[in-house]
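Asks: Following the hints, position chains B and C against chain A.
Protein chains in written order, with numbering that gives the first Met the number 0: chain A, 0 to 289; chain B, 0 to 336; chain C, 0 to 324.
There's no promise every hint is true.
Said to hold, decoys possible - So the derived list for chain C, only partly shown, Cβ under 7 Å to chain A, looks like this: (1) S139; (2) P141; (3) F143; (4) W144; (5) L147; (6) L149; (7) L152; (8) S255; (9) A258; (10) S265; (11) I280; (12) V288.
Keep in mind that the hints were calculated from the coordinates and are not lab data. Just so it is clear, CB atoms sit at the ideal spot from N, CA and C, and this is done for glycine as well.
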Amino acid sequence: MKILLDAFSPSWVERCALLVLIALLLGALAAPLISPQNPYDLAQLSLSDGRLPPGSAASAGQGVQRYWLGSDDQGRDMLSAILYGLRISLLVGLSSTLLALAFGLSLGLMAGYFGGRLDSLIMRLADIQLSFPAILIALILLAVLGQGVGKIVTALFAVQWAYYARTTRSAALVERRKDYIEAARLLGLSTPRILFRHLLPNCLPPLIVVAALQVAAAISLEATLSFLGIGLPITEPSLGLLIANGFQYLLAGNYWISFFPGIALVLLIVAINLVADRLRDIINPRLQKQ
Amino acid sequence: MSMVQPLLEVNKLQTQFPTSSGIAKAVDDVSFSLAAGEILGLVGESGCGKTVTGFSILGLVDPPGRVVGGQVLFKGEDLLTMDTERLRAIRGNRLAMIFQDPMMTLNPVLRIDTQLIETLQAHQDISRAAAYDRALEALGEVGIAEPAQRLRAYPHQFSGGMRQRVAIAIALINRPDLIIADEPTTALDVTIQGQILALVQALCRERQMSLIWISHDLSVVAGLADRVAVMYAGKIVESGTVRATLDHPAHPYTRGLLGAIPALHERGSRLLPIPGTTPSLLNLPAGCAFADRCAQVHGACALPPPDFAVGHDGPSHRVRCWLNHANSPNRIADAAP
Amino acid sequence: MLVFLLRRLLQSGVVLLVMSLLVFVGIYAIGNPVDILISPEADQAEIARTIAAFGLDQPLWTQYLIYLQQAVRGNFGNSFVHGTPALALIVQRLPATLELACVALILAVSLGIPLGLWAGLRPASKSGRAIMGLSILGFSLPTFWVGLMLIMLFSVQLGWLPSNGRGATTELLGVPVSFLSWDGFKHLLMPAANLALFKISLVIRLTRAGTQEALLQDYVRFARAKGLRSARVVFVHVLKNILIPIVTVIGLEFGSLIAFAVVTESIFAWPGMGKLLIESINLLDRPVVVAYLLTVVALFVVINLVVDILYSLLDPRIRLSDQAD
Numbered sequence: 000m001k002i003l004l005d006a007f008s009p010s011w012v013e014r015c016a017l018l019v020l021i022a023l024l025l026g027a028l029a030a031p032l033i034s035p036q037n038p039y040d041l042a043q044l045s046l047s048d049g050r051l052p053p054g055s056a057a058s059a060g061q062g063v064q065r066y067w068l069g070s071d072d073q074g075r076d077m078l079s080a081i082l083y084g085l086r087i088s089l090l091v092g093l094s095s096t097l098l099a100l101a102f103g104l105s106l107g108l109m110a111g112y113f114g115g116r117l118d119s120l121i122m123r124l125a126d127i128q129l130s131f132p133a134i135l136i137a138l139i140l141l142a143v144l145g146q147g148v149g150k151i152v153t154a155l156f157a158v159q160w161a162y163y164a165r166t167t168r169s170a171a172l173v174e175r176r177k178d179y180i181e182a183a184r185l186l187g188l189s190t191p192r193i194l195f196r197h198l199l200p201n202c203l204p205p206l207i208v209v210a211a212l213q214v215a216a217a218i219s220l221e222a223t224l225s226f227l228g229i230g231l232p233i234t235e236p237s238l239g240l241l242i243a244n245g246f247q248y249l250l251a252g253n254y255w256i257s258f259f260p261g262i263a264l265v266l267l268i269v270a271i272n273l274v275a276d277r278l279r280d281i282i283n284p285r286l287q288k289q
Numbered sequence: 000m001s002m003v004q005p006l007l008e009v010n011k012l013q014t015q016f017p018t019s020s021g022i023a024k025a026v027d028d029v030s031f032s033l034a035a036g037e038i039l040g041l042v043g044e045s046g047c048g049k050t051v052t053g054f055s056i057l058g059l060v061d062p063p064g065r066v067v068g069g070q071v072l073f074k075g076e077d078l079l080t081m082d083t084e085r086l087r088a089i090r091g092n093r094l095a096m097i098f099q100d101p102m103m104t105l106n107p108v109l110r111i112d113t114q115l116i117e118t119l120q121a122h123q124d125i126s127r128a129a130a131y132d133r134a135l136e137a138l139g140e141v142g143i144a145e146p147a148q149r150l151r152a153y154p155h156q157f158s159g160g161m162r163q164r165v166a167i168a169i170a171l172i173n174r175p176d177l178i179i180a181d182e183p184t185t186a187l188d189v190t191i192q193g194q195i196l197a198l199v200q201a202l203c204r205e206r207q208m209s210l211i212w213i214s215h216d217l218s219v220v221a222g223l224a225d226r227v228a229v230m231y232a233g234k235i236v237e238s239g240t241v242r243a244t245l246d247h248p249a250h251p252y253t254r255g256l257l258g259a260i261p262a263l264h265e266r267g268s269r270l271l272p273i274p275g276t277t278p279s280l281l282n283l284p285a286g287c288a289f290a291d292r293c294a295q296v297h298g299a300c301a302l303p304p305p306d307f308a309v310g311h312d313g314p315s316h317r318v319r320c321w322l323n324h325a326n327s328p329n330r331i332a333d334a335a336p
Numbered sequence: 000m001l002v003f004l005l006r007r008l009l010q011s012g013v014v015l016l017v018m019s020l021l022v023f024v025g026i027y028a029i030g031n032p033v034d035i036l037i038s039p040e041a042d043q044a045e046i047a048r049t050i051a052a053f054g055l056d057q058p059l060w061t062q063y064l065i066y067l068q069q070a071v072r073g074n075f076g077n078s079f080v081h082g083t084p085a086l087a088l089i090v091q092r093l094p095a096t097l098e099l100a101c102v103a104l105i106l107a108v109s110l111g112i113p114l115g116l117w118a119g120l121r122p123a124s125k126s127g128r129a130i131m132g133l134s135i136l137g138f139s140l141p142t143f144w145v146g147l148m149l150i151m152l153f154s155v156q157l158g159w160l161p162s163n164g165r166g167a168t169t170e171l172l173g174v175p176v177s178f179l180s181w182d183g184f185k186h187l188l189m190p191a192a193n194l195a196l197f198k199i200s201l202v203i204r205l206t207r208a209g210t211q212e213a214l215l216q217d218y219v220r221f222a223r224a225k226g227l228r229s230a231r232v233v234f235v236h237v238l239k240n241i242l243i244p245i246v247t248v249i250g251l252e253f254g255s256l257i258a259f260a261v262v263t264e265s266i267f268a269w270p271g272m273g274k275l276l277i278e279s280i281n282l283l284d285r286p287v288v289v290a291y292l293l294t295v296v297a298l299f300v301v302i303n304l305v306v307d308i309l310y311s312l313l314d315p316r317i318r319l320s321d322q323a324d
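Bound-form chain A, shown alone (with noise of 0.2 Å):
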């Protein structure tokens, strides 16, 4: 932690980012224990609690003592709806770059390292997704799919997997050239072993750097889609369920229905960009060792 804690030395922008990252992380994990009820549990929630401002006490009986970020038009404690929406968007952020990551690295890696045919076949699908907007893809993808969980973590899967690959290749075209594959290929080391054992650690790098950047991107288009109502159902309301859910009360003067798990997101969404350029930094110079 204070070895973390060092690192992250330079600013003080990039410091409280880490540990509002941690926190948010913990936040998450540690939803069903630390959250003063169970939103989706019907039982606990009271309609004769619906919409009532943050800071209101709770009617006698609900598990809450006092509602600290309002609630829902259900009744719901915002602030307990906000930590389990956090768990979903988090899970299918990091479910769908750790999916497409897998699948780009392999791919990046094959064509940096074979070249030739498959390397224009795999480059060129990669352009061609790359040359429409990440939106556009998961939107239609979603209309052909429908709603639910495994359906959007392929969608966003869908949209990312090219990044990986594009940085996957450009590193691996550079290592390829180096002594140490060489050396590899003389030992007769198998194929799969050289690309995964040698070639890989290798390029692994800045690829943890569009991996962290593209958690972030991935969590954004997840809420906005959801928002827009085609991404998750209701029934595994992720942070942009929960403010799609207030904006109808958004104009009549209810703000914190949408506006407390907006902040939740951004703040989510923020420190994740800032740790991850940070990573950058710290990553680049030993990039240029090499």
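Replies: Chains B and C only, in chain A's frame:
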């Protein structure tokens, strides 16, 4: 000491670049002067500060580098303390510069006529039509065929030598009093180098223009300049008339440079390269910076070397070295017993 | 120039053809085209009619040709919901989206380039750093959240700007536009700013990076050595060089503006084709979704073509190499 005011007088010029590992003294205590119509060759290896000297004179040092001390008197006025508008009016007008790499000097997205005409219009109230005629004339003067057609072209349509001719035309279009030419032939083919050299020389003689020719090549300077200044690690180590300096080089570094020139030697004799490389400008020693590479290094070289007239050509031939200096600590020590 | 244009046109045609093939294959990959082109509530007669019209009883490649033929005529089937041709619905909503995207683009350029230049010329100054900080925020904040905040501030709290709809529209060359009337302009302002935010940040970054790079180039130093006024050095020598990549990126980003308009239109209830798309997806109105997709792809192709032409006009080096071959 001449009674006539020199055209350019540089006094104790100092330019420094702060870097993460210390301050690089690119130009350190450089002084020289130049009379009207005179040609000075400023010679040294790459990184010795000769280009930065040129930029410092024109006020073109890029931040974070900056001129920290000295004077640059042009016709008696100090360019370093002048307000920016006055300096701008002199730059490109009375005092012009030609750069090293002609491929990079011309703006790739502007036509040649634009780049010529804007130089005129920056300094005089002249109609576009009149400026166009002047541009046409200027291209002709630097030996570009069919100037009317070439004016409409973009830089990428020219060869390197042609681009340097265009750059020279731009620098000369306002008939400046002084041109600073920063290795304008280095990036060109050998045959083109000779042409450009001859062109600049002819134009200078014809117009009584002063010229500072910055070069790493003593043999070029030998045939071109009236006087020569040899720079090493940010300092001028020897200066004088070409004849005196090249015939009686007083500084071991100048001798080394001469030894490394094939043409000045007899066929078959061995070249004598200077061992080692130029020192880092970040950690210069208190004494002579050339000491590490000098064959005649001795105890006194750990002290800052004195700058004195060697007397081969009157007071104008000066050297910054302990060798042959009357008060050299070594000489005193030798003489003591 | 003519050869250049013709060749680019030909290329664009090929791209469109390939995309139409992809969409066609996509329809088959998803499932039975009968389900996609025909409303579930259609009666037997209508199903038969559509099958005949699209040749769904023919072999695959014939079907593709028929589909192509129909697509060229602009027939993507009727909307299940509205019962009118899907393409007509899209075209009807197109002006609203284009107006929004154009105004956003103008905002991005007219704010992004000056701010980016300023930040590039004085990277260490307080203002320069503040501009960069803002652009990083503009990059990372989700568009829809910013839209919500705008509504909260300007519509709910201050009550200055309306939060939904286009307002009064005026006919301009037969196309309804909002920006010509005060009411329409007030409606346009917030959505356009919202849509532009990301692009402003992008243009700031591009301009700043380009400026800093150009300032180190010899031609800028030479321009200063010529004694040019700094305004001319910055606005002619620097700007003209960095404009080339900026125009390229901005042009290509126009397509993404149209795509992102989906979000902005939904928040501000702006009656463009993006809002229609979301409604259609929610109502499973597939012909409209397909028509939207192909319209957007066609727009992308046109935009790419325009960018290519602009690029060649701006960069003399490209122009020459094209004439040479």
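Asks: Going through the earlier hints one by one, which of them does the structure break, listed in rising order?
Replies: 6, 7
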